[in-house]
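Per UniProt numbering, the very first residue in the sequence shown carries number 1; after that it's consecutive.
It is possible that part of the hints are untrue.
Here are the simulated EDC-like cross-link-like pairs (lysine to aspartate or glutamate), alpha carbons at most 20 Å apart as the crow flies [to be verified]:
id : residue 1 : residue 2
1  : LYS55     : GLU38
2  : LYS42     : GLU66
3  : LYS42     : GLU56
4  : LYS42     : GLU119
5  : LYS55     : ASP110
6  : LYS42     : ASP110
DEER-style ranges, computed between Cβ atoms [unchecked claim]:
id : residue 1 : residue 2 : range
7  : CYS135    : GLU38     : 37 to 45 Å
8  : ARG138    : VAL22     : 41 to 49 Å
9  : ASP35     : THR123    : 21 to 29 Å
10 : ILE121    : ASP64     : 30 to 38 Å
11 : SER21     : GLU66     : 16 to 24 Å
12 : GLN37     : GLY139    : 44 to 52 Å
13 : ARG138    : GLU48     : 42 to 50 Å
14 : ILE128    : ASP36     : 37 to 45 Å
15 : ASN141    : ASP30     : 41 to 49 Å
16 : ARG138    : GLU66     : 42 to 50 Å
By construction, these hints were calculated from the structure, which means they are not laboratory data. We treat Cβ as the ideally placed atom computed from N, Cα and C, and that holds for glycine.
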Amino acid sequence: MALKIDAQGFVVTLSLISDGSVVYAEALWDHVTMDDQELGFKAGDVIEVMDATNKEWWWGRILDSEGWFPASFVRLRVNQDEPMEDYPLKVEGGKEDDSRRFGMGQTTKDQMRTNVINEIISTERDYIKHLKDICEVRGNNS
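Working from the sequences, and respecting the hints, build out all of it.
Spelled out as structure tokens, the structure:
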């Protein structure tokens with residue numbers, strides 16, 4: 001299933017979750033937390049998004065852990081049907097397989113760098129758009 005995009009380019013997640021679809025997001029950055037209500041993760045981790053009703057904080061799950069996390073720290077997977085090869089796996093002894101947890105599977109370091117670069121470019125474009133809007137408002141008020 002490919003994600004639906006609205007006119008502003010925001011991914012529509014609420015309808016997917018309410019339809020019972022499983023929605024996955026990939027962590028762009030580490031999220032370190034000391035609050036037991038928050039979900040900690042590392043860049044490259046794949047998170048099951050369970051509630052996206054709040055625009056800034058989503059509820060999600062990684063393995064047996066659930067909690068709130070900043071929506072701005074993740075990027076929804078474009079193709080939700082892709083195999084979850086990069087999802088952290090439990091191995092003997094109950095510990096996670098670090099090579100998978102840190103993105104050595106399908107999500108490589110190069111892909112994570114690409115994600116970060118794309119996020120920076122997107123942020124810069126938004127910033128420039130806001131600056132143009134400010135300039136137009138000031139020009140109209142002169």
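Is 44 to 52 Å a correct range for the gap between the Cβ atoms of GLN37 and GLY139? 46 Å Cβ-Cβ, so the 44 to 52 Å window holds.
CA of LYS55 to CA of GLU38, is that 20 Å or under? holds (16 Å)
20 Å Cα cutoff - pair LYS42, GLU66: The hint holds at about 14 Å.
Under the criterion that the straight-line Cα-Cα distance not exceed 20 Å, is the pair LYS55, ASP110 satisfied? violated (28 Å)
Whether the CB-CB distance between ARG138 and VAL22 falls inside 41 to 49 Å: holds (47 Å)
Against the 20 Å threshold, does the CA-CA distance of LYS42 and GLU119 hold or violate the hint? The given pair, whose Cα atoms are some 17 Å apart, holds under the 20 Å limit.
C-beta pair SER21, GLU66: status relative to the range 16 to 24 Å that was hinted: holds (18 Å)
Given a hint of 42 to 50 Å, does the C-beta separation of ARG138 and GLU66 actually sit inside it? holds (47 Å)
I want to verify a distance hint. Is the separation of the beta carbons of ARG138 and GLU48 within 42 to 50 Å? Once the Cβ atoms are compared, 45 Å apart, the range 42 to 50 Å for GLU48 and ARG138 holds.
Please check whether ILE128 and ASP36 have a Cβ separation lying inside 37 to 45 Å. Check passed, 40 Å falls within 37 to 45 Å.
Check the hint pairing LYS42 with GLU56 against an upper bound of 20 Å on the C-alpha distance. At roughly 19 Å apart (the allowed maximum being 20 Å), GLU56 and LYS42 satisfy the hint.
Given the hinted pair LYS42 and ASP110, is their alpha-carbon gap at most 20 Å? holds (16 Å)
When the structure is compared with the earlier hints, a violation turns up for hint 5 alone.
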